[in-house]
Amino acid sequence: METRSRVLLLRHALLLVACSVGLSACTSLRTLWGESSRPVPEAAPPAPPVATPAPRVIDLEVARRPVERTAIEASNVEIGAWYGAIAVEDFGTRPAYGLKATYHISQDFFLQGDIGWSSLGKTSYEVLNPGAPPLDIDSDRRLRYYSMSFGYNLLPGEVFLGGQRSMNSALYLIAGLGAADIAQRQKVAINFGAGFRILPTDGLAVSFDVQDRVFSIDLAGENKLTHNIEARIGVTAFF
Amino acid sequence: MRLPRPKVPRATAHASVAPRALLLAILSTILSAFLPPFLPPALAAPAAPLQLFVAEPFLELRTGPGRGFPVTQIVARGESVDAMFRRGDFLKVRTERGVEGWAYAADLDKARLADGRFPSFHRGGLQGFKAHTGEVGVQGGEFGGSKLVSVFATWSLTGHLQFEASAAQFLGDRRDRYALDAGLGYVVWPERRWSPLLTFGGGLYRESDDPSSPGAQPGRSEGSLHAGIGLRLHLTQQLFVRGEIKERILLGDRDDNEDLTEWKLGLAFFY
Chain A
1 METRSRVLLL
11 RHALLLVACS
21 VGLSACTSLR
31 TLWGESSRPV
41 PEAAPPAPPV
51 ATPAPRVIDL
61 EVARRPVERT
71 AIEASNVEIG
81 AWYGAIAVED
91 FGTRPAYGLK
101 ATYHISQDFF
111 LQGDIGWSSL
121 GKTSYEVLNP
131 GAPPLDIDSD
141 RRLRYYSMSF
151 GYNLLPGEVF
161 LGGQRSMNSA
171 LYLIAGLGAA
181 DIAQRQKVAI
191 NFGAGFRILP
201 TDGLAVSFDV
211 QDRVFSIDLA
221 GENKLTHNIE
231 ARIGVTAFF
Chain B
1 MRLPRPKVPR
11 ATAHASVAPR
21 ALLLAILSTI
31 LSAFLPPFLP
41 PALAAPAAPL
51 QLFVAEPFLE
61 LRTGPGRGFP
71 VTQIVARGES
81 VDAMFRRGDF
91 LKVRTERGVE
101 GWAYAADLDK
111 ARLADGRFPS
121 FHRGGLQGFK
131 AHTGEVGVQG
141 GEFGGSKLVS
151 VFATWSLTGH
161 LQFEASAAQF
171 LGDRRDRYAL
181 DAGLGYVVWP
191 ERRWSPLLTF
201 GGGLYRESDD
211 PSSPGAQPGR
221 SEGSLHAGIG
231 LRLHLTQQLF
241 VRGEIKERIL
251 LGDRDDNEDL
261 TEWKLGLAFF
271 Y
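So the protein sequences, as listed, match chains A and B. Residue numbering for the first sequence follows our numbering, starting at 1 and increasing by one per position. Residue numbering for the second sequence follows our numbering, starting at 1 and increasing by one per position.
The reader is advised that the hints may include incorrect statements.
Reference excerpt, derived from the structure (chain B facing chain A, CB under 10 Å, subset only) [what the hints assert, rightly or not]:
1. 60
2. 63
3. 90
4. 98
5. 100
6. 151
7. 155
8. 268
Computed footprint of chain A on chain B; a stretch qualifies when at least three of its residues, placed anywhere within it, have a C-beta under 8 Å from a C-beta of chain A [as the list claims (entries may be wrong)]:
9. 124-138
10. 164-172
11. 185-194
12. 198-209
13. 218-227
A few chain B positions that, by computed beta-carbon distances, are all more than 12 Å from chain A [unchecked claim]:
14. 52
15. 56
16. 99
17. 148
18. 182
19. 231
20. 236
21. 259
22. 270
Since the hints were made in silico from the structure, they are not lab data. Model, not experiment: these values are computed from the prediction. Note that the Cβ used here is the ideal one computed from N, Cα and C, for glycine as well.
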């Protein structure tokens, strides 16, 4: 058995050697029959090395096609109402109410428009001198004002109610420019202050603001710059 | 990386959106007639959530739309999130496991959509200042000896040219004085942090006295033309300063047109 296997292997080896010799002979004959008389082209000079990019397993050359920005719904606009009080210098503290609209520009900044209505109380002069000549005030004693302010979210964070509930919040600074209509006298007004916003849900906000509204008043005989503190609470919805 | 999975509508999300969609549709119809450029996309049409596949090693989700809110969730590369809406620089997203959080839009720059496209989220910075849709700002200044408060909006027509509209109130006496203007503005170097600005246009000037006040003068409403030069300076994010000087001519029925100088300076943002 063993001898038979050896014979078989020997046969295959001989066959392989015969094939190799045959192929070599064919190549030699081809050269002898004139194939070698053909002019051998001169070897081309070696090409200068070309800077080719390193081969990459995955081709990442994919054109970036932008998506329309409107593909994602924006919720940057906050609209609502507020109620509070404003202390007008010399005229006491009166209730105030109004509307506000806010546009959130980025995570840090927002633009806020406010409009407010209130009235003027009586001055000490009027209270202590009932028969004195009246102030140069129209009978309605209206106070209307508006402002357009930029705000900065200084301390964003969370408010925790108990151990299970938390709400997003932000302490912000705000300052702006506007006008005040004081008994039908139009005055430039600047405002600055701070507020605290709490969001019970992503679409609802409750804010507490204290602002100084600075405008001049010329109702009591002299034109003087007054600081009028406004404190209020507002409820707004995001759109 | 996982293959993009087909988008499956979420019944719960759509059910809660239905009344809101109706309200938004009504608001959109009313407001779009007056202020179409101001309308946020939320009021224009409620959009379905956008599915995004995370391409970075991980995506951080915060509890609120700001860097000051804590990170509470991580989404791994290859997983997807549904972007529901945008607020400022952040997107409110929902993960495949149903967890909601806020993702910074810049962190999703390399994310991919279900069809393989790359999203592009508009952001501020100097790059946005060079090319944006429009601007809104508030300015204060003087006009003919009176103080003025003004609000303006612009819409970009080309890189250099923009349509402008503004409303101003002039203050300082008992008269009510307003001006509404519209015109064109030419930004000389929109690619720079600061650039000169040329403006021209026309509008309406209105002045009235309270008839009950002593010495009340008859009111007037006149056309006006203006031309001016200004300067824009990018501050940070989407904020920039804009100042300008205008020469305004009131086209009244008087013998001589009134020629008044107006200057104003203020803060604005672009979107």
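Original post:
Which numbered hints turn out to be false for this structure?
Top reply: 1, 4, 7, 11, 12, 13, 14, 17, 20, 22
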